[in-house]
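Peer 1: One letter stands for each residue in the lines below.
There are 4 protein chains.
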Amino acid sequence: MEITNVSEYDATAKEKLPKMVYDYYASGAEDQWTLQENRNAFSRILFRPRILIDVSKIDLTTTVLGFKISIPIMIAPTARQKMAHPEGEYATARAASAAGTIMILSSRATSSVEEVASTGPGIRFFQLYVYKERNVVAQLVKRAERAGFKAIALTVDNPRLGRREADIKNRFTLPPFLTLKNFEGLDLGKMDKVSSHFNCCNLADNSGLASYVAGQVDPTLSWKVSITSLPILVKGVLTAEDARIAVQAGAAGIIVSNHGARQLDYVPATITALEEVVKAAQGRVSVFLDGGVRRGTDVFKALALGASGILLDDRWCSHWLLREKLV
Amino acid sequence: MEITNVSEYDATAKEKLPKMVYDYYASGAEDQWTLQENRNAFSRILFRPRILIDVSKIDLTTTVLGFKISIPIMIAPTARQKMAHPEGEYATARAASAAGTIMILSSRATSSVEEVASTGPGIRFFQLYVYKERNVVAQLVKRAERAGFKAIALTVDNPRLGRREADIKNRFTLPPFLTLKNFEGLDLGKMDKVSSHFNCCNLADNSGLASYVAGQVDPTLSWKVSITSLPILVKGVLTAEDARIAVQAGAAGIIVSNHGARQLDYVPATITALEEVVKAAQGRVSVFLDGGVRRGTDVFKALALGASGILLDDRWCSHWLLREKLV
Amino acid sequence: MEITNVSEYDATAKEKLPKMVYDYYASGAEDQWTLQENRNAFSRILFRPRILIDVSKIDLTTTVLGFKISIPIMIAPTARQKMAHPEGEYATARAASAAGTIMILSSRATSSVEEVASTGPGIRFFQLYVYKERNVVAQLVKRAERAGFKAIALTVDNPRLGRREADIKNRFTLPPFLTLKNFEGLDLGKMDKVSSHFNCCNLADNSGLASYVAGQVDPTLSWKVSITSLPILVKGVLTAEDARIAVQAGAAGIIVSNHGARQLDYVPATITALEEVVKAAQGRVSVFLDGGVRRGTDVFKALALGASGILLDDRWCSHWLLREKLV
Amino acid sequence: MEITNVSEYDATAKEKLPKMVYDYYASGAEDQWTLQENRNAFSRILFRPRILIDVSKIDLTTTVLGFKISIPIMIAPTARQKMAHPEGEYATARAASAAGTIMILSSRATSSVEEVASTGPGIRFFQLYVYKERNVVAQLVKRAERAGFKAIALTVDNPRLGRREADIKNRFTLPPFLTLKNFEGLDLGKMDKVSSHFNCCNLADNSGLASYVAGQVDPTLSWKVSITSLPILVKGVLTAEDARIAVQAGAAGIIVSNHGARQLDYVPATITALEEVVKAAQGRVSVFLDGGVRRGTDVFKALALGASGILLDDRWCSHWLLREKLV
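Residue numbers (our numbering), protein chains in the order written: chain Y, 18 to 344; chain Z, 18 to 344; chain A, 18 to 344; chain C, 18 to 344.
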């Protein structure tokens, strides 16, 4: 069957991928209410189409942190892409470059920043969690900088890992032939203690390595200055209050995100939260959005409500990958 | 099974028509949200029935652009009717005449204006797209005028062809034994370059022949004066703003239409948009509606909300045709 | 299976009755939207339950037009009950008497007023349509009076017969061994012309015999004075405007009814319309309701919103009958 | 299959338990609208998640009537647990103690207060209905006091037993090898007359033994003073009006409950009613809630709306039991 829209990749992925892998990509947290709502909320937004307008010349290009891209669509950071295909993040990187847009590489990628950089030219950002071990954070940032990554997308919405029940049932774990490449060769400090569980979802992501110890976070984010001169996009904002704090703390931009509905269930759809965040940002920084985008009309709705662009997120970004290689 | 309402033609059509043809008639754009909503919006409108009212004498006749018709129901322009049956537009024309109402012939009909005229007496209007090649438009209008057509329905809602995914999957194309008869014998100018693809949906309707180059449209529509003295109904208005512009530009009437939900998805149902258009028209021109009408009660709802009549549109008009010949 | 609520009679009836008969009892008009809504509207009304209230002594008796009944539940007039069972209206009459409540006999019953009266004591009202031939109406009323019926329920919501598509498909007709007994022996005048079609749904109910020619109705209903001294309940009111007119015209009571959703589709649920009718009646006459009542809690909701009682209507009243004889 | 959330116990219970027993635990009253709504109402409450908040130290402990518990989750009183497993209330008691929280034992338990007390240390409350025979109530309270129970949860929402149709169809009755242990050895007075029907749902719970004769209830609840010095939680409040009365009457706390949707159908979800009860209580007593709680996020929603804690109610408390022994 010819695939005619992004949602149809889902059926193909379900058919071609092992259940554990498909479930990992496709699941939201708990009841998956927000997963559905990320889509439903878009369908409640209607157009008022005007006629007799000159649309013969359309310009879809836009600028993100000073970088010009061909369309207001970027690739969201999504972990562990090689589970879907051996080319993993390489293919995504090449696809993003071919499309003339930005890829944001997950720190939990199965390819390192250097490997992704070696696939060819392209504008790339690096996603990062805030670990208790700041030295690890510093090493990751340095590594991304050296590999030519242009900005940091700082994920701030996972003080705990979201409860994705399919992963628990499947006892999800990274296949043994894959590793989280960006952590290789780093001095992990206390994180070393859990390194043997590095690829285990429950331990590595949640209790140990990946737990976000907010008590040590400087609310002004001033600590980031000592680590990097790269601009920082704060990813995971859903309220006006946090948008204001992010702007005051010096964020270069805000990504309205509910982590693809994979963290806390029963939060609003991102397209619902967008308006208050845009209003709170007062035009001082650009606001982006991920979650639930499947159609060009969804992108247009986000732009119409004040977003500067959208990010294709976890589940369907892997389909972009599939498109290049598997379909 | 006896067919007792318009919707039941759908099942019959699905059974009797090749999948490619059925899908072409039945599909809406993309997620088909508006296709559903065109129906759903009617079902949210309720009656406040009065009792003890004299309804012994009912007069359903009405007047459209000065032409008296037996019921406030006309036949919307729908393309390519001979795909459903060899009699195609002939049968529709005869059915409309027998019912004492107006048929609007699509410019993309599989029968020419002359052929339709030859089926017998009847009031007929001609539907038209605005092509970049105005000479083609002029020739089409002249041809319709000469064949006795009484008005032009100008479709203004397809700067691009809507994305109907079933057509893409089916690689929809007009069967080889059929042609778009109204274009035969015309000087197509630059359109000639795409004439070999004339019957191909993707090329002919979208990129080439049918693309509506709004940049060349005179917003006052004054260009139409040089082409025809026929009254023009502007088809595809969904907002008060465009209703006002259409009236100022000299439209003889407005058709509230979302192109049978086949163009842009997530626009309002036509019955929803009707009220603001009627209000904006201020009684200066008549307002008609197509989209989602399946019941006499739907017609009544449209009239109660200010419409002067409705048009049976794409999908189900073909059933009217089926009724005469196939069922 | 033990039947534990009124709705479960539906499954039993579907199993035991011929399709044509079941469909006749169970169908609403056209899309059957109002049929569903009659139920759905009840389920949107919630209770605010109080605690620590003395409910040890409950009195369910009430008074209708001066007649005391055991519960605020009466039997709505429903036509042609002998199609369900040979005992037909006899069984319903006995059930109503046993329950200590009022039966309203349909003028289109398959038992005559005399036959129903002969089943034993009981308070009974007679339902009537307003026929063009007033002499027929007068004869029907006289006959009911003589048989001891105590009031007239005048159905005013069927200027035309509702379009019940299952009946059309089934070519519904009264089985040959049954007749509409109340019309036997009457001087039918012009109605005699259609008497050969008397039992045919389409002709008898709609075009000919049963058509309600409102143009000849005296809006003050004063004509009824010359015919009967019985109190008249106006059945089929759904608006405040008509409630006021009915009161002014001397109605003894109002029945909020949409004819069991069998006449005009897309009218409000009766429980929705109740409030405005009660308010308009200003306590000058009692207001009753039929349509959608399936639970004691439904009855309570109707009472809480101002009804003096409810009528079990078409579809499920026949189940009361079934209970006595068939189950 | 690994059970990953409370709702999944339902499937397991349905598989492992006899239909009569499963239905007894799982059914709500009549149409079970409120049973669904207890869940649905939670899903309409959304979070506004904040970021960059220190959540490294979380304290879930709370205090109920002066007793410290590890989580704001208690075990609601649910009758007849030994139908699910021979360990019945023993296992629930041990599970509650292990979890560091309070179990409320139903007076209609299949284990006596003494038996539950003998399972080991733990904080336990005793649930009670208000019987006409106050001497029986007094004996029950004394027995619970002596067994070390610390408070009374007084159920006030069953002047009649709710109509659970599955129980009627199943002719539900307590299996012969089980008895309602707390009534054994008591002087039942007039209740003795129905003692042979003691285990029969319809008679024992409804018409005879269990009927709540509100006419004899002192609205100030002052009679309880003569019976017990234990604090009383009033269980079954759904309105502000009754919350105020309960506080004035000296209740130590209020449990917002609709009896697990097993009593009166079409009452609001407890999470919906919570806000007005909390407001009416004005902080003078603690407000708890049962009904529909399945997720930690549900508990959080209840706390955010003013509850001091929640009770896991009928249906799923039995799963806690199942967890320990059956799964």
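Any given hint could be a false lead.
For identical chains, the list gives no copy identity; a pair is met inside one copy or between any two copies.
Unchecked claim - Restricting the straight-line Cα-Cα distance to at most 25 Å, the calculated cross-link-like pairs of lysine to aspartate or glutamate (DMTMM-like) are: (1) 186 to 131; (2) 186 to 19; (3) 36 to 25; (4) 74 to 150; (5) 198 to 131; (6) 74 to 258; (7) 167 to 150; (8) 33 to 182; (9) 198 to 48.
These are computed hints drawn from the structure, not numbers from a lab.
Peer 1: What hints, given by number in increasing order, does this structure fail?
Peer 2: 1 and 9
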